[in-house]
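Listed below are the residues making up each chain.
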Amino acid sequence: MSAYNFAYLDEQTKRMIRRALLKALAVPGYQVPFASREMPMPYGWGTGGVQVSAAVLVPEDVLKVIDQGADDTTNAVSIRRFFQKVAGVAVSEATAQATVIQTRHRIPERALEEGQILVYQVPIPEPLRFLEPSEIETRKMHALEEYGLMHVKLYEDISRHGEIATSYAYPVKVEGRYVMDPSPIPKFDNPKLSMAAIQLFGAGREQRIYALPPWTEVVSLDFEDYPFEAARAPHACDLCGAGDSYLDEVITDDAGGRMFVCSDTDFCGERRAAGHVGRLGESA
Amino acid sequence: MRDRTEGPLLRVEGLEKRYGARLGCGGVSFDLWPGEVMGIVGESGSGKTTLLNCLAGQLAPDGGRVLYDMGEGMVDTVTLDEPARRRLKRSDWAFVHQHAHEGLRMNVSAGGNVGERLMGMGARRYGAIRAQAVDWLGRVEIAADRVDDRPSAFSGGMRQRLQIARNLVTGPRLVFMDEPTGGLDVSVQARLLDLLRGLVREMGLSAIIVTHDLAVVRLLADRLMVMQGGRVVEAGLTDQVLDDPQHGYTQLLVSSVLQV
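Listed in order, the protein sequences are those of chains A and B. Per our numbering, the very first residue in the first sequence carries number 1; after that it's consecutive. Per our numbering, the very first residue in the second sequence carries number 285; after that it's consecutive.
Looking at chain A on its own, in the form it has when it is part of the complex (with noise of 0.2 Å):
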């Protein structure tokens, strides 16, 4: 496709989400504002992943795409062939031999390698944002380090359900500094945030863009009698059987049948391909 320039981007344009890449690296969790683009795509479908992802792409890459975990769902599929059209790079399903891995909503279930990159699609960067409406005051907050209201949005949590519900985009606390919302991922994703590879976090309409370089300390918000606790649903997938992964709950009929299947359906395969075999599976 030459009527495109390399993964659709201009030059310009990807050196400037470049040079805010690496001030996010530089201060982990701080989010960097960046000149959002246009992209072929509404707001909500991962615009900022996109653009971080045709940022450090290189023709060498092999590219994989996520959603909920998944190689096959629309999101990911059509993300995926609009860099095999506007960039030519390798694509694959495979965690191990992906070089970019672009996510919405999950971390893979394989422990990433140094060498990879991972970039999550992030809707609202601000993990204040529903605490406070006024951006200039959260920015301030950021900048004094006042992140008092974080655990009252726990503390409503804990009056309200008596546990912390919040069960996805659960807040961190970067390297003892910032407080930041590390994408609507499971909270049972949240151990993983420190780990060999770069993170990379795009939120292309609220035009910010933050990182983790690779084993940044990551710690989950809580209190001392309440805990953080990386929940999972209790059972083991129906397909590979594995039991240490993230499941999706299906809904098979409507007489209450059900069953639970790993959400990283990658994982889930290459497990099946090895032998193992869930409640439901049939062995291969």
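Below, simulated DMTMM-like cross-link-like pairs (lysine to aspartate or glutamate); rule was C-alpha separation at most 20 Å, straight line:
id: 1; chain 1: A; residue 1: Lys14; chain 2: A; residue 2: Glu38
id: 2; chain 1: A; residue 1: Lys153; chain 2: A; residue 2: Glu163
id: 3; chain 1: A; residue 1: Lys14; chain 2: A; residue 2: Asp61
id: 4; chain 1: A; residue 1: Lys153; chain 2: B; residue 2: Asp433
id: 5; chain 1: A; residue 1: Lys192; chain 2: A; residue 2: Glu114
id: 6; chain 1: B; residue 1: Lys373; chain 2: B; residue 2: Asp353
id: 7; chain 1: A; residue 1: Lys173; chain 2: A; residue 2: Asp157
id: 8; chain 1: A; residue 1: Lys140; chain 2: B; residue 2: Glu366
id: 9; chain 1: A; residue 1: Lys153; chain 2: A; residue 2: Asp222
id: 10; chain 1: A; residue 1: Lys153; chain 2: A; residue 2: Asp225
id: 11; chain 1: A; residue 1: Lys23; chain 2: A; residue 2: Glu217
id: 12; chain 1: A; residue 1: Lys192; chain 2: A; residue 2: Glu229
id: 13; chain 1: A; residue 1: Lys23; chain 2: A; residue 2: Glu175
id: 14; chain 1: A; residue 1: Lys85; chain 2: A; residue 2: Glu60
id: 15; chain 1: A; residue 1: Lys153; chain 2: B; residue 2: Asp432
id: 16; chain 1: B; residue 1: Lys373; chain 2: A; residue 2: Glu132
id: 17; chain 1: B; residue 1: Lys373; chain 2: A; residue 2: Glu137
id: 18; chain 1: A; residue 1: Lys173; chain 2: A; residue 2: Glu145
id: 19; chain 1: B; residue 1: Lys373; chain 2: A; residue 2: Glu146
id: 20; chain 1: A; residue 1: Lys23; chain 2: A; residue 2: Glu11
id: 21; chain 1: B; residue 1: Lys373; chain 2: A; residue 2: Glu145
id: 22; chain 1: A; residue 1: Lys173; chain 2: A; residue 2: Glu137
id: 23; chain 1: A; residue 1: Lys140; chain 2: B; residue 2: Asp365
id: 24; chain 1: A; residue 1: Lys173; chain 2: A; residue 2: Glu132
Rough simulated footprint, nothing fancy, chain B against chain A, three-plus residues with beta-carbon under 8 Å:
id: 25; segment: 144 to 154
id: 26; segment: 157 to 163
These aren't lab readings, by the way, just hints derived from the structure by calculation. Predicted model, so just to flag it, every value in this text is computed and none were measured. Using N, Cα and C, we set each Cβ at its ideal position, and we do this for glycine too.
Since the structure of chain A is already known, use the hints to place chain B on it.
Just chain B now, with coordinates in the frame of chain A:
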């Protein structure tokens, strides 16, 4: 009851605030001593709220100094850096707004509202925060079973009392109040004043209360400043000013109150 009683808690020197060419308030100087309650009265537009906002760090004054005893001598809060001023505002100072919804988070439960300042100061034990919230709701006469209700479900008087609890929970030394009883009906006002008077005496608070209601200052304030056109026209002990007003404007103000 205090170990630092050598000097005043707050010293104001030549405070001035202008809105363009017009004067908001000017030439205001006074000392506030620990445990003292100062009333500021005057009609609408006399500059009393401007003065309060300048004192409390909500507005930047154009001239003058606001010295506060931070423990290690007097510090000018006007030139104090912003992080330190904000820390002061949420620990040692408190601000009670006229409209409770300005001082409360309306979509957060009563307990969360009271607990916010505690959590802002680093409290991280849910049980302790909640216990303190319930205790404070009791002290402002809100039933403990309302602790998880949002202020939007509260009456005006309850909201105002909740705002007071939210502000006093960290044991501030100085409280700024802007028309604390404004907009409440008379019986609720009386109850609130009674409560405030009890809390002020019990906690040994210093307070600056802005109001146009002379009954409020009569009940609460030790000293009184009367403002007109941005200037302090008369100051002195409350009973002295109200019973024997010297300035013409004060005489007008006192005589305007309907005697029932």
